[in-house]
Structure formats: structure tokens, C-alpha cells
Amino acid sequence: MKYIDEYRNKDLIMKLADQIGKSVRRDYTFMEVCGGHTAAIHRFGIPSLLPGNVKLVSGPGCPVCVTGTDFIDKAIAYSKMDEVIICTFGDLLRVPGSTSSLEKERAAGADIRIVLSGLEALEIARIDSDKKVIFLGIGFETTAPGTAVTIKLAEKNYIKNFFLLSAHKVMPPAMEAIIKEGVNLDGFICPGHVATITGSKAFNFIPEKYNLSSVITGFEPADILQSILMLIQQVNRNTHIVEIQYNRAVNVNGNTVAQRHLSEVFEPCDAQWRGFGVISSSGLRLRRVFERFNIENNIPVQISFQEDNELCICGEILRGLKTPDDCTLFADICIPENPSGACMVSNEGSCNTYYRYRLTK
Amino acid sequence: MNDFISLNQGSGGKLTHELIEKVFVKRFGMAEPLTDSAILKDSGFTFAFTTDSYVVDPLFFPGGNIGKLAVCGTVNDLAVSGAVPMYIAVSFIIEEGFPMNDLVAIAESMAEEALKSGVKIVTGDTKVVDKGKCDKLFITSSGTGILNPDMEHISSGNRIKPGDKLIINGPLGNHAIAVLGARNKLSFSTPVTSDCASLNHLISSVLHSCKEIRFMRDLTRGGLATVLNELAGMIGSGIIIDEASVPVDDPVRGLCEMLGFDPLYLANEGKVLIVVGAGEEIKVLDILRRDLLGKYSEIIGEIITDKRNLVVLNTSAGGKRILDMPSGQQLPRIC
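So the protein lines, in turn, are chains Y and B. Everything in the first sequence is counted per the numbering used here, starting at 1 for the first residue and increasing by one. Everything in the second sequence is counted per the numbering used here, starting at 362 for the first residue and increasing by one.
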């Protein structure tokens with residue numbers, strides 16, 4: 001299959017693994033920020049191809065994992081109201097709120113539907129015009145433009161029963177928060193799909209302000225190994241720049257059409273990240289002209305927020321400070337069927353990928 | 362377990378097993394291991410006996426419909442136990458207002474499939490329920506067949522040894538993706554046809570010529586990964602699978618890449634896993650490949666000694682990882 005097979009070519013991969021082996025001179029720690037990378041790394045068994053002194057840590061780039069408990073609680077509160085349909089991406093279903101999950105509420109009778117895009121939710125709103133349809137907008141620069149276009153279409157077509165509960169976020173402020181936290185890193189495997197939208201320029205602050213290496217990376221095994229090699233070479237040369245490995249999709253300026261839709265519909269706001277707390281200017285909220293689509297303005301809900309399981313270390317895992325092995329709940333009490341924390345829920349969460357794919361503890 | 366049944370408990374993975382163990386097996390006192398067919402002995406004869414319900418949505422999909430699925434599924438459950446499928450009973454739960462033409466079309470394809478696979482539909486039942494009390498049409502199909510006592514080991518896998526080879530009869534995931542596409546919730550159509558087919562003739566030609574068939578199982582709900590994990594647990598060994606040799610058609614792979622699904626977990630309705638003693642795998646492969654239903658058969662792995670009963674995947678990229686039992690439904694990912 002085009003764009004897949006050539007990047008999964010075993011000979012090429014072995015050659016890259018061999019070059020990495022020959023290039024290492026010391027210990028290296030790189031963070032893959034994006035959950036898609038975490039999943040690919042484990043799905044393809046990349047750790048088994050790396051020398052012991054190259055360590056990969058997972059970052060906060062799984063949108064499901066960083067979505068706060070309060071967001072799930074709000075969505076559940078809305079799902080319990082009469083004449084409401086909740087539309088959500090599938091992997092949000094199992095995320096634990098304070099006392100329940102969307103999946104449990106659905107089993108108990110709430111009208112909660114899985115959609116693959118905001119447009120699908122808009123279509124449901126058009127058909128079920130006597131109900132309020134609430135789309136749970138989560139995701140980074142990759143999914144937020146789709147929501148922006150959906151909102152514009154709802155406006156254009158006078159669809160009055162479509163609403164958004166937004167937890168959309170942007171990635172660079174979280175990466176900066178990690179650096180400021182003092183996580184010991186040599187560089188970032190930067191999120192390829194986010195960069196497709198933002199362009200590589202969004203990551204220039206990493207070398208410029210913090211002297212760290214960055215490579216914008218694709219999602220196939222050869223992409224990831226080549227990027228690790230590029231990062232090692234940057235560190236060895238003591239040069240710190242943003243390089244684009246994923247150049248079949250990413251350029252310096254990104255997708256300006258998507259950027260325009262985003263900035264027309266959304267404006268930056270402070271946002272709650274699971275594990276981090278509030279990060280300034282890291283969220284996206286609807287601009288005033290589109291405010292009527294904001295469900296929280298239309299029907300405010302009260303939720304009684306409860307703390308996450310105090311033994312759960314998802315927060316520290318998302319900040320790259322700990323790995324799932326450091327967690328006393330991991331694989332014992334916290335399993336994919338009954339997750340204690342969000343990192344066990346999504347296919348792209350660190351704990352979930354460790355649990356499913358890794359050969360040894 | 363939760364207070365209410367969730368869809369995950371019907372997905373064929375860990376949660377389905379837990380439900381069956383805790384609610385049913387405990388009360389019914391069934392003999393373990395739980396296999397696709399019960400093996401019953403009476404008056405010097407050995408029978409296989411099986412039952413299954415069909416609730417597929419939509420009822421018609423590329424490559425089949427709910428009726429063909431019911432016949433094939435029952436035939437296959439019996440055939441993979443090593444039995445010769447003979448008689449089938451079918452029950453229909455029909456929603457008020459269901460189109461008569463659709464019911465006739467479904468019945469015709471059941472008759473056609475029964476003729477093709479050489480089984481007789483001998484008894485049945487019909488219930489019509491109020492509109493809204495069931496989703497269009499549900500079918501339950503039960504079947505029985507004679508089991509040659511020499512084949513009794515096949516459903517239990519108790520003769521499997523390290524070194525035995527694993528074979529499947531073609532590409533995985535076509536049924537799941539065909540149904541997903543037909544469900545119209547995806548805003549694109551896929552050129553994928555369900556693999557829905559009765560495998561009894563194919564299996565019979567293998568059993569007829571090969572003496573070292575150790576185990577067979579059809580790869581339905583939960584896919585190959587589920588069957589491999591059940592098998593590893595049942596026989597107390599490890600299994601190693603070579604990802605590159607597992608056939609998957611390009612359109613299925615493409616959709617899986619897009620939705621974040623793994624084809625090894627997707628449902629099939631015309632695929633069988635065969636475990637064969639080392640040395641006889643090429644012969645089995647040759648026989649399978651002579652049949653249209655086995656044209657793309659491949660050897661995909663082998664049984665190994667491993668106290669942890671792990672299923673390990675040698676990835677096509679050259680790495681190694683666990684191939685775990687699925688837990689709950691596969692959820693389409695956000696990005």
C-alpha cells in the first residue's frame with residue numbers, strides 16, 4: 001500500500017536501527033509528544049530495536065488522556081438531560097469521570113453516539129431537529145479545524161440545535177510547560193500531524209528559547225527511527241534546530257486554510273490539562289460571534305468535581321516524569337476494561353500501549 | 362461487573378468471557394473448555410452441537426445477508442470441531458412491519474447456502490414482535506453433526522505441541538469492514554466484500570488427507586487475536602506470529618490505518634485457523650490453496666514453549682510485541 005509499505009520496509013528499518021546503534025555516544029532521552037507516536041512505537045515494537053541508552057518517554061499528546069475529569073463530568077451531566085444527544089469521538093467513551101463514564105451512561109439509557117467527525121454530529125442535528133445535539137470537541141490543531149468548519153456550516157445553514165462542548169487544545173504551550181517543569185530531555189519527537197496544520201515554525205521556540213533538539217516526525221516505523229537518528233546526530237553535533245523528517249506532509253508554514261478557519265472560529269483561552277492543571281493560552285474557545293453554539297452558555301451545568309484516584313500517576317506520566325511501571329495501579333487495578341486514569345483508556349495513551357504491546361515489565 | 366450490560370460485553374473479548382463465566386457457566390454447569398460446539402456422546406455415537414444468534418446491522422451487506430451468515434456460522438462452528446454438519450434449526454424474531462420481500466430474499470439465500478454446504482434446515486420457529494421491540498430481524502440458528510471419534514481432539518487442542526504450525530485460509534477483516542461500510546455511518550464506500558462462506562467442504566478435504574490436524578477454530582467475533590489468546594490459555598503454551606505473513610487486503614488495511622483498527626482483531630465469517638503438526642504444513646497449505654476459499658492461505662506462525670502463555674507478534678517492521686486479547690469493542694480513534 002502506497003505511503004505505508006515503503007515506510008515499513010524491514011531492510012530499511014534494520015539499516016536505520018544499525019545506524020542508530022553506531023551513532024550513540026552517551027545516554028539520550030527523547031520525548032514523543034504525540035499519542036499517535038506512542039502507539040506506533042509500541043505497535044511496531046520499536047523499543048526492541050533501540051540500544052539500551054536511547055530512552056523514549058511519552059508526552060501529553062493524547063487528546064483523550066489530557067481531557068480533564070471535569071469535562072467528562074459535564075458531558076455526563078448533559079447526557080442525563082431530556083431531549084439531548086451527545087456526539088463523541090469513540091475513544092472518549094471509556095474515560096472515567098468522577099463517578100461514571102459516558103459508556104456506562106449509554107448502557108443506562110443516555111443517547112450517546114459515536115461519530116467520526118463534527119460534520120456527522122451536525123447531520124444528526126439536522127435529522128433530529130427537535131433535540132439538542134452536543135458535540136464533544138476534543139483534540140489539538142489536528143481536529144480543531146474540523147470543528148471550526150462544522151460551526152461555520154451550522155451557522156450558514158441555520159442549524160439551531162447544534163452545540164459544542166469544547167476542550168480543544170493547542171500543543172506548543174504544553175511542550176513549553178514540560179520544559180519548564182525541568183524534565184530531563186535531549187529533544188522532542190515533534191507531532192507530525194499537528195505540524196501539518198501549524199507548520200514547523202510553531203516549534204521554533206524549542207531550540208531558540210531552550211536549546212533543545214526537535215524533529216517533526218511521521219508515524220511509520222522508518223519515520224520514527226530516522227527521526228531518532230536525526231535527534232542523536234543533532235545532540236552529537238551540539239546543534240539544536242527544528243528539522244522536518246515528515247516532509248511528505250509538513251512544511252514551514254503549515255496549512256494556512258485550516259489556520260484561517262481556526263482563528264476565525266476560536267480564540268485562545270486558558271485550559272485545564274489532566275496532570276498539569278491550567279496552562280495559559282493552551283485552549284481554544286469559541287469567539288463571541290459563535291458563542292451561541294457554546295452549550296455552556298446556553299445551559300450551564302453544575303458538577304461536583306471529585307479528585308482522581310490519588311494513587312493514579314497519569315499526571316506525572318503525561319508530564320514525562322514517570323512511566324507506567326512506576327504506578328502501583330498499572331496492569332493490576334487499572335486495566336483497559338476498567339481504567340483508573342485516562343492514560344489507560346485511549347489506544348494512544350501510554351499506559352494502554354504499554355499494557356497491550358510490551359513484552360516484559 | 363457493572364449494573365447494566367454494556368456493548369463491550371458482547372464484543373467477544375475478555376469482558377464477554379467474564380460475562381459467560383460469571384453469569385452462565387456458573388449456573389449451567391457446562392464442561393470446560395468452552396468451545397464452538399459441545400461434543401456429546403450417546404448410544405455409541407458422538408455428536409457436535411452448536412447454537413448462535415445473528416443480529417447483524419445492516420441485514421444485507423456486500424457478500425451476504427443475515428440469513429446466509431446464520432447458515433455459514435452454524436456450519437462453520439460444527440466443521441471446525443471436526444464434525445460433519447448435518448441438521449440446522451432456525452428461529453426468527455421479526456419486527457412488525459418488516460418487508461416481506463426482504464424476508465423471502467433472506468430465506469432464499471439460507472436455502473441456497475444450506476444446499477451448497479450439504480446441510481438440511483429441519484425445524485424452526487417464528488415470532489413477530491411489536492414495532493420497536495427488536496431491530497428488524499434477529500435469527501438464532503442451531504446445528505448438529507456427526508463427529509468421527511478420531512477428531513475429538515480437534516476442538517480441545519489437547520494434542521498441540523511446540524513446533525506445530527499455524528495456518529489461516531486467507532485475508533482477515535473483510536467481513537467486519539464490509540459490514541462497517543454498509544452500515545452507512547462512514548461517509549465513503551469501500552470496495553470490500555464479506556468473506557461469509559461455509560467452510561465445511563474445505564475443512565473436510567484437509568481432514569481427509571492430513572493426519573496431523575491438531576486444532577481448528579473459525580475466526581469470527583474478536584478476530585485472530587482473540588482465538589490465539591484463547592488457544593494459548595487453553596493449551597498452556599506460547600504462540601509466535603509473523604505479522605508480515607498474515608494476509609490482509611489493501612482496502613481493509615487502508616481503512617484500519619485510517620480508523621485506528623487492527624485487522625487482527627476484526628471479525629471474519631469465512632476464515633479458519635488450523636494448527637498442524639510440524640512437517641505437514643506444506644501439504645495442508647497445498648490442499649487449502651486448491652480451493653477458492655483457501656486460495657490465499659498462509660502459514661502465519663507456530664506454537665512455542667512459554668510458561669506465560671503469551672502470544673507474541675514479530676512485527677513486519679522487525680520488532681517484537683505482545684498480541685493481547687481485545688478488551689471491549691475497538692473504538693475509532695479521534696485522530
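Hints in this document: simulated from the structure, not taken from any laboratory. Among the hints, erroneous ones may be present.
Claimed, not checked - Okay, derived cross-link-like pairs now, DSBU-like style, lysine-lysine, Cα gap no bigger than 30 angstroms in a straight line: (1) Lys477/B to Lys656/B; (2) Lys131/Y to Lys656/B; (3) Lys201/Y to Lys152/Y; (4) Lys383/B to Lys104/Y; (5) Lys681/B to Lys2/Y; (6) Lys402/B to Lys477/B; (7) Lys477/B to Lys572/B; (8) Lys668/B to Lys477/B; (9) Lys522/B to Lys497/B; (10) Lys492/B to Lys104/Y; (11) Lys681/B to Lys322/Y; (12) Lys10/Y to Lys644/B; (13) Lys132/Y to Lys494/B; (14) Lys15/Y to Lys2/Y; (15) Lys80/Y to Lys387/B; (16) Lys10/Y to Lys477/B; (17) Lys132/Y to Lys492/B; (18) Lys387/B to Lys131/Y; (19) Lys522/B to Lys131/Y; (20) Lys681/B to Lys15/Y; (21) Lys132/Y to Lys156/Y; (22) Lys160/Y to Lys201/Y; (23) Lys644/B to Lys572/B; (24) Lys668/B to Lys55/Y; (25) Lys10/Y to Lys656/B; (26) Lys55/Y to Lys494/B; (27) Lys80/Y to Lys55/Y; (28) Lys494/B to Lys80/Y; (29) Lys15/Y to Lys55/Y; (30) Lys494/B to Lys104/Y; (31) Lys80/Y to Lys132/Y; (32) Lys2/Y to Lys492/B; (33) Lys104/Y to Lys656/B; (34) Lys481/B to Lys22/Y; (35) Lys132/Y to Lys668/B; (36) Lys387/B to Lys572/B; (37) Lys80/Y to Lys492/B; (38) Lys644/B to Lys656/B; (39) Lys104/Y to Lys668/B; (40) Lys481/B to Lys572/B.
All of these numbers come straight from a predicted model, not from anything done at the bench.
Please work out if Lys80/Y and Lys492/B have their alpha carbons no farther apart than 30 angstroms. 26 angstroms, holds
Quickly compare the C-alpha distance for Lys104/Y and Lys656/B to 30 angstroms and report which way the hint goes. 44 angstroms, violated
Under the criterion that the straight-line Cα-Cα distance not exceed 30 angstroms, is the pair Lys80/Y, Lys387/B satisfied? Distance of about 35 angstroms is beyond 30 angstroms: violated.
Hey, Lys477/B versus Lys572/B, does the alpha-carbon distance stay inside 30 angstroms? 26 angstroms, holds
Regarding the pair Lys387/B and Lys131/Y, is the alpha-carbon distance no greater than 30 angstroms? Between Lys387/B and Lys131/Y the Cα gap is close to 44 angstroms, so the pair fails against 30 angstroms, i.e. violated.
Can you confirm whether the C-alpha distance between Lys132/Y and Lys156/Y stays at or below 30 angstroms? Holds, at about 18 angstroms.
Would you check the hint for Lys132/Y and Lys492/B, treating anything up to 30 angstroms between C-alpha atoms as holding? Holds, at about 25 angstroms.
Taken at face value, is the distance from the CA of Lys201/Y to the CA of Lys160/Y at most 30 angstroms? Given pair Lys160/Y, Lys201/Y is violated - Cα atoms ~38 angstroms apart, limit 30 angstroms.
Quickly compare the C-alpha distance for Lys668/B and Lys55/Y to 30 angstroms and report which way the hint goes. Status holds; Cα separation ~29 angstroms.
Does the structure keep Lys477/B and Lys656/B at a Cα separation of 30 angstroms or less? Given that 30 angstroms is the threshold and the Cα spacing comes to 19 angstroms, the pair holds.
Quick one, are Lys10/Y and Lys644/B close enough, alpha carbons at most 30 angstroms? With a Cα-Cα distance of about 29 angstroms, the restraint between Lys10/Y and Lys644/B holds, given a limit of 30 angstroms.
Is Lys681/B within 30 angstroms of Lys2/Y, Cα to Cα? 24 angstroms, holds
Hints 2, 8, 9, 15, 16, 18, 19, 22, 26, 27, 32, 33, 34, 35, 36 and 39 from the list above are not met by this structure, while the remaining hints are.
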